[in-house]
Structure formats: C-alpha cells, structure tokens
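On the provided structure of chain H, position chain Y as indicated by the hints.
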Amino acid sequence: MAESRQSSPNDDLLVARGISKIFPGVKALDAVDFTLRSGEIHALMGENGAGKSTLIKVLTGVYEFNSGAIRLSGREIRPRSTLEAQQAGISTVYQEVNLIPHLSVAENICLGRQTKRFGFIQWKAIRRRANEALQRLGLEIDVTQPLSSCSIAIQQLVAIARAVDISAKVLILDEPTSSLDADEVKQLFAIMQKLKGSGLGIIFVTHFLDQVYAVSDRITVLRNGKLVGAYRSAELPRLHLISKMIGRDASEITDQHPSAEAQETTAEPIIEAAALGRHGAVENLNFKIAPGEVLGLAGLLGSGRTETARLLFGADRPTSGLLKTSGETKRHLTPRRAINLAFGFCSEDRKTEGIITNLSIRENIALALQARRGPFRPIPITEQNQLAQEFITSLKIATTDAEKPIKFLSGGNQQKVLLGRWLASKPRFLILDEPTRGIDVGAKFEILNLVRDLVKRGMAILFISSELEEVVRSCNRVIVLRDRRQIGELRGADISESKIMQTIAGTSQN
Amino acid sequence: MPLLNFRELRSSWSRIRWVLFILAAILLYNFFFTPGFFKIELKQGHLYGSLIDIVDRAAPVMLVSLGMTLVIATAGVDLSVGAIMAIIGSLAAKLITENHWPFAGVLLLALAAGTALGLWNGSLVSFVGVQPIVATLILMVAGRGIAQLLTGGQIITFENNSFAFLGGGYFLGLPFTFTIVALSFLVLALFVRKSALALFIEAVGDNERASHLSGINSRFIKCFAYAAVGFFSALAGLIVASDIKAADANNAGLYLELDAILAVVLGGTALTGGRFYLFNSLIGAILIQTLTTTILTRGVAVELTLVVKAIIILLVCLVQSEQFRALATRVCLRKNEAAA
Numbered sequence: 001m002a003e004s005r006q007s008s009p010n011d012d013l014l015v016a017r018g019i020s021k022i023f024p025g026v027k028a029l030d031a032v033d034f035t036l037r038s039g040e041i042h043a044l045m046g047e048n049g050a051g052k053s054t055l056i057k058v059l060t061g062v063y064e065f066n067s068g069a070i071r072l073s074g075r076e077i078r079p080r081s082t083l084e085a086q087q088a089g090i091s092t093v094y095q096e097v098n099l100i101p102h103l104s105v106a107e108n109i110c111l112g113r114q115t116k117r118f119g120f121i122q123w124k125a126i127r128r129r130a131n132e133a134l135q136r137l138g139l140e141i142d143v144t145q146p147l148s149s150c151s152i153a154i155q156q157l158v159a160i161a162r163a164v165d166i167s168a169k170v171l172i173l174d175e176p177t178s179s180l181d182a183d184e185v186k187q188l189f190a191i192m193q194k195l196k197g198s199g200l201g202i203i204f205v206t207h208f209l210d211q212v213y214a215v216s217d218r219i220t221v222l223r224n225g226k227l228v229g230a231y232r233s234a235e236l237p238r239l240h241l242i243s244k245m246i247g248r249d250a251s252e253i254t255d256q257h258p259s260a261e262a263q264e265t266t267a268e269p270i271i272e273a274a275a276l277g278r279h280g281a282v283e284n285l286n287f288k289i290a291p292g293e294v295l296g297l298a299g300l301l302g303s304g305r306t307e308t309a310r311l312l313f314g315a316d317r318p319t320s321g322l323l324k325t326s327g328e329t330k331r332h333l334t335p336r337r338a339i340n341l342a343f344g345f346c347s348e349d350r351k352t353e354g355i356i357t358n359l360s361i362r363e364n365i366a367l368a369l370q371a372r373r374g375p376f377r378p379i380p381i382t383e384q385n386q387l388a389q390e391f392i393t394s395l396k397i398a399t400t401d402a403e404k405p406i407k408f409l410s411g412g413n414q415q416k417v418l419l420g421r422w423l424a425s426k427p428r429f430l431i432l433d434e435p436t437r438g439i440d441v442g443a444k445f446e447i448l449n450l451v452r453d454l455v456k457r458g459m460a461i462l463f464i465s466s467e468l469e470e471v472v473r474s475c476n477r478v479i480v481l482r483d484r485r486q487i488g489e490l491r492g493a494d495i496s497e498s499k500i501m502q503t504i505a506g507t508s509q510n
Numbered sequence: 511m512p513l514l515n516f517r518e519l520r521s522s523w524s525r526i527r528w529v530l531f532i533l534a535a536i537l538l539y540n541f542f543f544t545p546g547f548f549k550i551e552l553k554q555g556h557l558y559g560s561l562i563d564i565v566d567r568a569a570p571v572m573l574v575s576l577g578m579t580l581v582i583a584t585a586g587v588d589l590s591v592g593a594i595m596a597i598i599g600s601l602a603a604k605l606i607t608e609n610h611w612p613f614a615g616v617l618l619l620a621l622a623a624g625t626a627l628g629l630w631n632g633s634l635v636s637f638v639g640v641q642p643i644v645a646t647l648i649l650m651v652a653g654r655g656i657a658q659l660l661t662g663g664q665i666i667t668f669e670n671n672s673f674a675f676l677g678g679g680y681f682l683g684l685p686f687t688f689t690i691v692a693l694s695f696l697v698l699a700l701f702v703r704k705s706a707l708a709l710f711i712e713a714v715g716d717n718e719r720a721s722h723l724s725g726i727n728s729r730f731i732k733c734f735a736y737a738a739v740g741f742f743s744a745l746a747g748l749i750v751a752s753d754i755k756a757a758d759a760n761n762a763g764l765y766l767e768l769d770a771i772l773a774v775v776l777g778g779t780a781l782t783g784g785r786f787y788l789f790n791s792l793i794g795a796i797l798i799q800t801l802t803t804t805i806l807t808r809g810v811a812v813e814l815t816l817v818v819k820a821i822i823i824l825l826v827c828l829v830q831s832e833q834f835r836a837l838a839t840r841v842c843l844r845k846n847e848a849a850a
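Chains as they are written, first to last, in our numbering: chain H, 1 to 510; chain Y, 511 to 850.
These are computed hints drawn from the structure, not numbers from a lab.
The reader is advised that the hints may include incorrect statements.
As the list claims (entries may be wrong) - Facing chain H, from chain Y, some residues (calculated, C-beta under 7 Å):
# : residue
1 : GLN554
2 : SER705
3 : ALA706
4 : LEU707
5 : ALA720
6 : HIS722
7 : LEU723
8 : GLY784
To be verified - SDA-like mimics (lysine to any residue), calculated; alpha carbons at most 20 Å apart, straight line:
#  : chain 1 : residue 1 : chain 2 : residue 2
9  : H       : LYS407    : Y       : ASP563
10 : H       : LYS407    : Y       : ASN760
11 : H       : LYS404    : Y       : ARG520
12 : H       : LYS407    : Y       : SER524
13 : H       : LYS288    : H       : ALA267
14 : H       : LYS444    : H       : GLU348
15 : Y       : LYS604    : Y       : GLN664
16 : H       : LYS351    : Y       : ARG719
17 : H       : LYS351    : Y       : HIS722
18 : Y       : LYS549    : Y       : SER560
19 : H       : LYS407    : Y       : ARG785
20 : H       : LYS444    : H       : GLU469
21 : H       : LYS351    : Y       : ARG785
22 : H       : LYS186    : H       : GLU140
23 : H       : LYS444    : H       : ASP349
24 : H       : LYS351    : Y       : THR782
25 : H       : LYS226    : H       : ILE56
26 : H       : LYS404    : Y       : SER524
27 : H       : LYS169    : H       : LYS194
28 : H       : LYS396    : H       : LYS330
29 : H       : LYS407    : Y       : GLU832
30 : H       : LYS330    : Y       : HIS722
31 : Y       : LYS755    : Y       : ASP563
32 : H       : LYS407    : Y       : ALA585
33 : H       : LYS404    : Y       : GLY663
34 : H       : LYS407    : Y       : GLY663
35 : H       : LYS351    : Y       : ASN671
36 : Y       : LYS704    : H       : ASN385
37 : H       : LYS169    : H       : LEU83
38 : Y       : LYS604    : Y       : GLY663
39 : Y       : LYS704    : H       : PRO380
40 : Y       : LYS604    : Y       : ALA623
Keep in mind it's a predicted model, so treat the numbers as computed, not measured.
C-beta: ideal position from N, C-alpha, C; glycine also.
Bound-form chain H, shown alone (with noise of 0.2 Å):
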C-alpha cells in the first residue's frame, strides 16, 4: 500500500473545503480550504487566533464543524468524536503527551487494542507488535520499561510509533517539538521524513521558523480564522511567510518611525539583564531598561516573550545569567520581592494570571497596592473608593459601579482594571504583556496614549505586543526575539515594521 503512494506523490490525501466553525460570537474558521497530500510535510502556521488549533480540532473530531466538508482519500468523512477520526486514519500527537505515564511502553503503543485470547491479554503478542511500531521509526528502545522512566522526547517518540501502529494516514503534530533539545528534534525530523517516505501525510504545527523550513514540503497559512494561502516552502521567503502570517504586507507597509523621541537615556537602568535565561524557555538575554524608555519586545507568537516578561518579573527563576535591579543583583526575585522593588506585571493571560474573577473592581484594582502594604495595613475604604473612582474615570471603564464583579465586565475593561490595578500600585517598573489583546480599537487607543503618558512621567515599561505598529508607536528600542533568543535590538531610526520583520526573518544576516 505505502509504496503504491510513493508512486504517486501528489494524491491529494487529505482536503477540507470551506470549512466553517463558529463560536458564539466569534467566526473560528471562515470558509477555510486545506490539502494535505500523501507523502509531505505540510506546516500550519498562523499567529494567535488565527484558526490552527480550531482547524486541528475539527479534523480530529473534537469539533464538529458548521459547514464545509473534509474528504480523506476520496471519502467524505465528519468524525464526531477524536476516536472516530482515529478509525478514519487521522492520529493526532499533542505537546504534553497523551499517554499514561506508569504504564509499560508497549502498554502505551497497544493501550486499546490489545491483542487478546479467550479473554486473557496476550502479553507476548503485545510486546512484539510494540517492538515492530518502534521499528518503523527506527528506534530500539526496552518496551517493558515504564514510560514515565523515558525522556520527554522518547515519550513523543512512542506517542507517534502508537498514532502511526493505529495505521494512521495522517498524522498531525502539534507543537511536538517545544519541550525537546536541538539533537532530539534532529531524531524527530528523521523520523517524520521516514515516515513521509511511506506515504503518511504529517501536518506540522510550530511556532519555530527555522524548523518549518527544515522539514516542511508546504505551509498553509491561517490569519483570523481565515485561508491567506498555501504555499510551497521553497518558494516562500521568511519575510514574505511573516507579512503574511501577521498580515502586514511588506511592500504596503509605510514605515512609521516612533514617535516616541529614540534619545539615549543615561539615567541608571531600573532593571537589566546579562546573558540571563531558562532552560527551556529563553536564552541569552542582553538588555536594559531605565526610567522614562519603553523597550520592546518583538517576535512571533512563542519565540519567548512571555517568557522574558515572567523571568523579569521573579515568576519564574532563570537558570543562567544575572538580572539587575538598580544595579544590584538579584538571585532570588519573586513576584512579591518584585513589587515591593515597585514592579508591576501585567500578564497576558487576563482569566487564569489576571482577574479575581468574584471580586469587585474596586477590591481587583486595589490588590497589589493592597499586597505590597501586607494584611495589616488596609488601605481605608475610602481609600479605596477614591482609586476604584479615579481608574473608572481616567481609563474610561465602563461599569455602573466599582462594586460590580468583575467577571460581568468585557475583555477590554478587564483589561483596563488590571491596568489601574498595577497603576495604583505606582510602579517605577511596568511590564505590558499584550496589553491591547482582544480589546477594541477604541480602547487600544486609550491604552496606548496612556502608555505614553506614563513614560513621560519618568516610568519604565516593557511592551510586549504581537501587533508590531504598536510597537513601533511606542517603543523607544526594540529587542528582536526568534526561537527563544534575543536575535537583534533596533533602535531609534531603525525601528519600522519591515526592518522588525527582516530582523525575524533573519534577512539582515543573511
């Protein structure tokens, strides 16, 4: 069967056609078209929101779709639940692997399947086609052992040997090479070409653009739930493959310069960073921020902004370089040492890092000050009132009244609670995370203007945005992130969308 389809390269293997899936009140995908054929490496890309994780879930049936239809091999198929896409021949490996940890790797790879004789599992039976699926990937590992003693990456090894012993026609992996050093996503990328070979069809989900041009045949692009287009790898440039994901195009951008004035400062920096990173997360990081800058932090979605903002902020340790505050090091920060330095962090993850859901606006925005003075010293009540006013007022929140739970706020004035929550705490020190994510434009407006507002009274903030004109509006430099490492800084002048975009792309190296 696998060599009648190598024959033939270019059957269409797998295509979705007009794939619509709404939400209430969001379109998830918008008449979306996608070809997978046998035998390629096929990359999705597409920044936040942009419909990948929505497109994946209704191939594997965790969605059903309201409209459009998926063919697999010339027949049409709607799988209802991820067992039904399973049978059809879609298997799905997922980042944090789906498997049960205590048992045996062969109980893994057979889990569901077993071979069994009047009843009683055979044991010997199992091993041996567990042993035969670890082969097909060329790997000789012992099947007794327990997977929870493999590393992460033999464990997503055997996750993909169980999708593809499932006799799997297309395999779709999804952000499998996140938590894996640069020899084992070697071994990975053998294995998918391996597999490609016999006339699998693999969708690749990364966030990774160096590993998207090392495997992939094609990339689809998504950008707000809807098809920009698919392309042949080798015919699609960095540059162009980002103008289109963040949907910029390079020859319409006119290049804003900041209108923040690029003056150097000399004032002594508020915080800085030496070499400083985390296994894992981000290297390398060189950079300070003194009072009166917005520093920048560009790049796309998982090349370790988020993960530069938590190390700054103490919320998680680094595990190499210094972090300097006022010229002093700091080994141990945590969020609380952090805001008592007058740090301020907010996250982009507004419902599970942001908001006290059943509490009040007021009591939201007073917490951190509140944190910062400790239990026994309230702030009086009035007090209270007069920030929760103050906020409401200069943010523009609406509400009735700064009693109302906050979860019966919109997105956008959530956001500007959290906002007022970290302004009440009067930082010297702000980190934005997506500040303007999922907001309205008027809105956007609002938090920008403040932004500038807040710098010009001598704050320094970290500004991290996916939407690089906010960057350029507001940022005095720009520090380049791609694949978890700081990659470039721009400053001044030098700040535009395009050059941000060749900076990613790695254009000005090359």
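For chain Y alone, coordinates are given in the frame of chain H:
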C-alpha cells in the same frame, strides 16, 4: 464603618435565604406539632427552653465553622477539627487532674496548642504542597491516637469550677456559650474584615496564580486560615469537655468536621474557594442543630434519625441549587399547562 456594607449584606442574604426558609419551616412545624418548643422559662435568673438549648448545643459546630469558613474560602478543607477537639480536651483534663494547673494556664496552653496544630496543617498544605484533604486527614487519624495516648485510653473526669463554667455556666441569663460564640464571631469578623486578610483569603481562594502574581503571600494566608480553625477547634474542644466534665478521647468532636463543613457550605461559601460568609456559617450550624433537636424531641425512632436528617439536608441543598429550582419551576409550569 459598618462591618458589612449594603452590598455584602445583600449578597450574603441571597445565599442564606433558602436556609432561613427551611429553618423557618422547621420552626413552624415545631410550633404546631411540638408542644412547648417555643416556651422559654426563667428559673433562678437563667433562661431555659428548646430554643436556648439549640444554640447552646450548636456552639461547638458554630465555633469550628467560623474557622472552617476561612479554610474553605482558601479552597481548602480541614478534616482534623474533631481530632484537634479530642486532643485539646484530653490535654486540658490531664493538666488539671494530674498536673493541677490553674485554669487560666490550661486555657492559654490549650488555645496555643490548637493554633499550633492548625499551623501544622497549614504548613503541610502551603509549604509541602500536600492536598488539604490529605494533609488534614493525617491529623484526623493521628489526632485521636494522640488524644488516647494523653488520656491513657481512659475517660478522664475532672472537677474544676472555672472549667465547668465554660460549657455549663450562665452569663446575662444565657448559657455562657452564647457569649463565647458571639465574641468569637465579632472578633474574627472584625479582625479579617478590618485588616486586608479577608481580601487576601478571597483572592487566594478565587485565583491563586493571579494572587501570587499580584504579590500576595498565599502561604501566609493559608497558614493563617488553618491556624484560625485550629484555635476555634481548641475552644470547641474545651467546651465539649467542660460540658461533660470529662475528656473522652474517642467521642469528643467525632464527625464534627462534617457538620462544620456542611454549615459553611449551607452558608453559601463555595468549596472551590473565594467569597466567604462568616455569619451565614453560624446560621448553617443552627439549622443543623435545630434539625437534630427537632428529630430527637419528636421521638423519631433512633434508627431513623440519621435518615431523616439526611433527607432534610438533601432538601436544603436542592432548594439552594438554582438548577434544581429552574427544573422544578419548569415541571410545575408544564403541569399547570396540562391542567388548563
């Protein structure tokens, strides 16, 4: 500044009204069917009657439920309160009978020991990262053993007027336990609401990650909550021992953790943590005791009491559930339509 502002009062009312409704129904039932239930007599300057008795008997659960409210608000739970009560009762009895300590010293040491046991639970939960239910299960099981070691497997009886006053004395015509509960509630409510502890407890219980990133010391907050429930369990343990003038390591506070948790949940504090309602927990405890007393005075067969209690509690939970009320309304409407 009032202890509760208008909005807090309203939100606490919306959570307790169904409990009050059932409580009123039980009282109404007693009004018609239990002779003398509402009778309150004045004998030798002391008030006597079933209603007084209910509150007096509910005192240990009420005290424990105050602390339990804080623990549950941090999204935790404490199963060891009954065991702490047994330990403290045994400790107090031993100190008085064998070591002849003055009562004041016993009181102070007992409360300190209860707080320390709570801190032990709190440390396991917040520093070691053990799940609350497991962490407190350890002391729940081990605690009775410790209490039995203290009493040497015997029931230690004691004679001490000051100690006896704690659970059996009268003050201002009412059982002294009324004063203990009222003072405990007021002091605790003022302490947490006037400081920022209440805010931090609710924040940690609602969203621990966001609280951590906002600079709240969630370990300290959790330790405080467990220490508080330890303190109130010690107080409840002293009252129970004082009541029977003896320390019974096997039965003191047995299953009381379940009543305390139920009281808190009836009061509207969610087991998932967040907003808490101290006063409502007291009402929840009173409902449970009213139910028990009613069943006992009605002479329900002993083997049936637990079943009846369970059915009424189930009823309370059902009327408290918005989903169930919506379902019931729909069924009623459909019936009416069918009839019309």
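Problem set entry | Enumerated hints in conflict with the structure, sorted upward | Hint check: 1, 9, 10, 28, 33, 34, 35 fail, others pass.
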